[in-house]
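Sequences and hints are given; from them, build the entire structure.
Just so you know, the sequences run in chain order U and R.
For the first sequence, our numbering gives the first residue as 1, with consecutive numbering after it.
For the second sequence, our numbering gives the first residue as 1, with consecutive numbering after it.
In case anyone wonders, no lab produced these hints; they're calculated from the structure.
It should be emphasised that the depicted structure is a prediction, and the values quoted were computed from it without experimental measurement.
For each residue, glycine too, the CB sits at the ideal point set by N, CA and C.
Some hints here could point you the wrong way.
Short, incomplete list of chain R residues facing chain U, as computed with Cβ under 8 Å [stated by the list, open to error]:
(1) 104
(2) 107
(3) 112
(4) 116
(5) 121
(6) 122
(7) 124
(8) 134
(9) 138
(10) 140
(11) 163
(12) 167
(13) 169
(14) 171
(15) 214
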Amino acid sequence: MLIFTIRRLLLAIPTLLFISFIIFLVVTLAPSDPTANLPLTIPPEVKQKIRESLGLGQPLPVRYFKWLWQFVYIEPAHYLNQAFGFSIDTGQRILSWQTRSPVMDIISQRMPQTLWVVGTSYVVAILIAVPIGVISAYKQYSWFDQIGTFISMIGFSVPTFFTGVLLIVIFSVHLGWFPSIYDTTHSVTDWDSFVVQVKQMIMPTFVLALANAAQLSRFMRASMLDNLSQDYVRTARAKGLQEKTVLLVHVLRNSMIPVITVIALGIPNIFGSAIITEQVFKVNGIGQLLIIAIQGGDVPTVQTITFIFAILIVLFNLLADILYGVFDPRIRYD
Amino acid sequence: MAVGTVRSSKVSAELENAAPVLSVENLETVFLTSEGAVHAVNGVSFSLQPGELLGIVGESGSGKSVTMMSLLKLLPMPPAEIRSGTVGFDGKDLLQVDQQELRAIRGGDIGFIFQDPMTSLNPVFTVGFQIMEPLRMHLGLNKANARKRAAELLELVGIPSASQRLRDYPHQFSGGMRQRVMIAIALACDPKVLIADEATTALDVTVQAQIIELIKDLREKLGMAIIWITHDLGVVAGIADRVAVMYGGQIVEYASVAELYDDPRHPYTKALLQTLPRHEGDRMERLVSIPGQAPNLSGPLQACPFAPRCESAHDRCRQENPPLFEVSPVQKSRCWLEDQEVVNA
Ligand SMILES: Nc1ncnc2c1ncn2[C@@H]1O[C@H](COP(=O)(O)OP(=O)(O)O)[C@@H](O)[C@H]1O
Ligand SMILES: [Mg+2]
Numbered sequence: 001m002l003i004f005t006i007r008r009l010l011l012a013i014p015t016l017l018f019i020s021f022i023i024f025l026v027v028t029l030a031p032s033d034p035t036a037n038l039p040l041t042i043p044p045e046v047k048q049k050i051r052e053s054l055g056l057g058q059p060l061p062v063r064y065f066k067w068l069w070q071f072v073y074i075e076p077a078h079y080l081n082q083a084f085g086f087s088i089d090t091g092q093r094i095l096s097w098q099t100r101s102p103v104m105d106i107i108s109q110r111m112p113q114t115l116w117v118v119g120t121s122y123v124v125a126i127l128i129a130v131p132i133g134v135i136s137a138y139k140q141y142s143w144f145d146q147i148g149t150f151i152s153m154i155g156f157s158v159p160t161f162f163t164g165v166l167l168i169v170i171f172s173v174h175l176g177w178f179p180s181i182y183d184t185t186h187s188v189t190d191w192d193s194f195v196v197q198v199k200q201m202i203m204p205t206f207v208l209a210l211a212n213a214a215q216l217s218r219f220m221r222a223s224m225l226d227n228l229s230q231d232y233v234r235t236a237r238a239k240g241l242q243e244k245t246v247l248l249v250h251v252l253r254n255s256m257i258p259v260i261t262v263i264a265l266g267i268p269n270i271f272g273s274a275i276i277t278e279q280v281f282k283v284n285g286i287g288q289l290l291i292i293a294i295q296g297g298d299v300p301t302v303q304t305i306t307f308i309f310a311i312l313i314v315l316f317n318l319l320a321d322i323l324y325g326v327f328d329p330r331i332r333y334d
Numbered sequence: 001m002a003v004g005t006v007r008s009s010k011v012s013a014e015l016e017n018a019a020p021v022l023s024v025e026n027l028e029t030v031f032l033t034s035e036g037a038v039h040a041v042n043g044v045s046f047s048l049q050p051g052e053l054l055g056i057v058g059e060s061g062s063g064k065s066v067t068m069m070s071l072l073k074l075l076p077m078p079p080a081e082i083r084s085g086t087v088g089f090d091g092k093d094l095l096q097v098d099q100q101e102l103r104a105i106r107g108g109d110i111g112f113i114f115q116d117p118m119t120s121l122n123p124v125f126t127v128g129f130q131i132m133e134p135l136r137m138h139l140g141l142n143k144a145n146a147r148k149r150a151a152e153l154l155e156l157v158g159i160p161s162a163s164q165r166l167r168d169y170p171h172q173f174s175g176g177m178r179q180r181v182m183i184a185i186a187l188a189c190d191p192k193v194l195i196a197d198e199a200t201t202a203l204d205v206t207v208q209a210q211i212i213e214l215i216k217d218l219r220e221k222l223g224m225a226i227i228w229i230t231h232d233l234g235v236v237a238g239i240a241d242r243v244a245v246m247y248g249g250q251i252v253e254y255a256s257v258a259e260l261y262d263d264p265r266h267p268y269t270k271a272l273l274q275t276l277p278r279h280e281g282d283r284m285e286r287l288v289s290i291p292g293q294a295p296n297l298s299g300p301l302q303a304c305p306f307a308p309r310c311e312s313a314h315d316r317c318r319q320e321n322p323p324l325f326e327v328s329p330v331q332k333s334r335c336w337l338e339d340q341e342v343v344n345a
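Given below as structure tokens:
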């Protein structure tokens, strides 16, 4: 297993390099101008100077390798210096074109907000989806299953920007129960501030959880149904086991194998879906940062965030494979 | 046409008189599916004497499995519905007892072995866990004792280095070995009845022979009654005391093994015997199957279900379903030909 993991990690390096180059090309060749948002009173010669100072005059390969060097060497070295007091020689860190501050610092400021909302919603989604999937499959075509099907169809087909706005209209504008804007500066110090935090998290969490739970519960249901018709279930019943044991030990254990991998594979994706939800609820997380960076033509920021997403996808793919091996004794990676 | 070694019909007649361990009366099971009803079991009655080995034979789709699963309500309900019948076991009617009592009998007093050993075991649990489950459940053994007994069981069914193999997963066993594991599970709680549904069908011929030897052996040692289901009359000849031949969800012939092979009465039985491979010197003759299609089971039987494929069918066969005629104390046949003989006599 360890050898498998190391081999896969090594194999991931060329893949990631290739991805990073593609991202670089797409982001760089996109017709956007980092100076476009500057006031019109600034004369064109000055704008040209600004562009050159951002490194835009250099040839493409130079720019790519410069960024790559910054990402794989300077940034990690910087964090090592910070964390352990090392004094590794570093150079210029990746700077945002908009704010002129290090992109990684902005990302680590924004990450907690995203993780809170996205992480909570994913956990909520799993906690909702697994039991719903199990019951729906066990009581196939019952009213419970029908309602579950209907709700997950809604969660599946209605985009989050719609459910988000709908919730804001109902619960913030009309009922006034929850705030429509997520206040990131709010810090939890006592019970009351905790309640405030929960209140402002409810709607964005719910929107994301609904979308994820819809998909996961369908998947769980399908996996359970697959297994319920297997011969080993009949054997378990013929042994005289209780229905509870048959379902929650024998069938669930098998059904979870593909579901766990889907959960692992889905983790990077939720950052993607968070982009929209963060816009709707004004959560200033990674998603919002990315949107603003795209609008401002901030190539280093866009490129870095996108590449981090790519790394997450590759890592969680590996994690999914490893989990498969952990949960299914038939899979051996050696 | 004597095939294999058979017990004398006197033994069978004696068997008939003892108190049966299992007696099934007039069992009827229907599947109510979206494409309409399937009358899979249409009034099956049979009994099983202590220590007896009853063979149940019939083509695929004749209702053998559904009959057996109905006994312990192992069918998915719906779509299955047991319309009528009684299953007498231990002074109770298994179709009437509550879930808890039924569960105590499943895997406790009645053990089941299924056709496909590759899929009948749960792939993600060790073999030891799966054998220990009924032991802990029915006999209330603690973990250590259950493990000890599980190792004994594996040894009993002929699996070498049994106590180490308890830790292995099903995929680490061959098909024949997995079927031995299934047998160990079925025998775990010393059942009075063992039901083996096509237990050797999925195995290749040599392994099949080994498993049959094992069953014979275990029967000698443990003395339980066995219902051996197969679509191969040849297999049953060597091990059964009596044989029930099924067609269209009915028992069409029910006889001691000697009578069945020496003097088959029902045209379907005769046809089945003709499909058996016969030894011609060293060469085996190829199997031929019975021409014609499987019966239509979408409604209650109005006529003999075998009539469309039967060479001796006459008008009456197409209008009325025959009852089970008693040809002799040890042989019954569900065929109008028997009625004529009675009339002619
Ligand atoms: N779940 C089910 N739904 C509908 N029909 C079924 C189902 N299971 C079995 N049957 C039908 O019941 C009949 C008897 O099947 P079965 O007992 O499995 O035959 P055998 O074991 O003799 O090969 C067949 O016609 C089959 O199509
Ligand atoms: Mg069958």
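Which numbered hints fail: 10, 11, 12, 15
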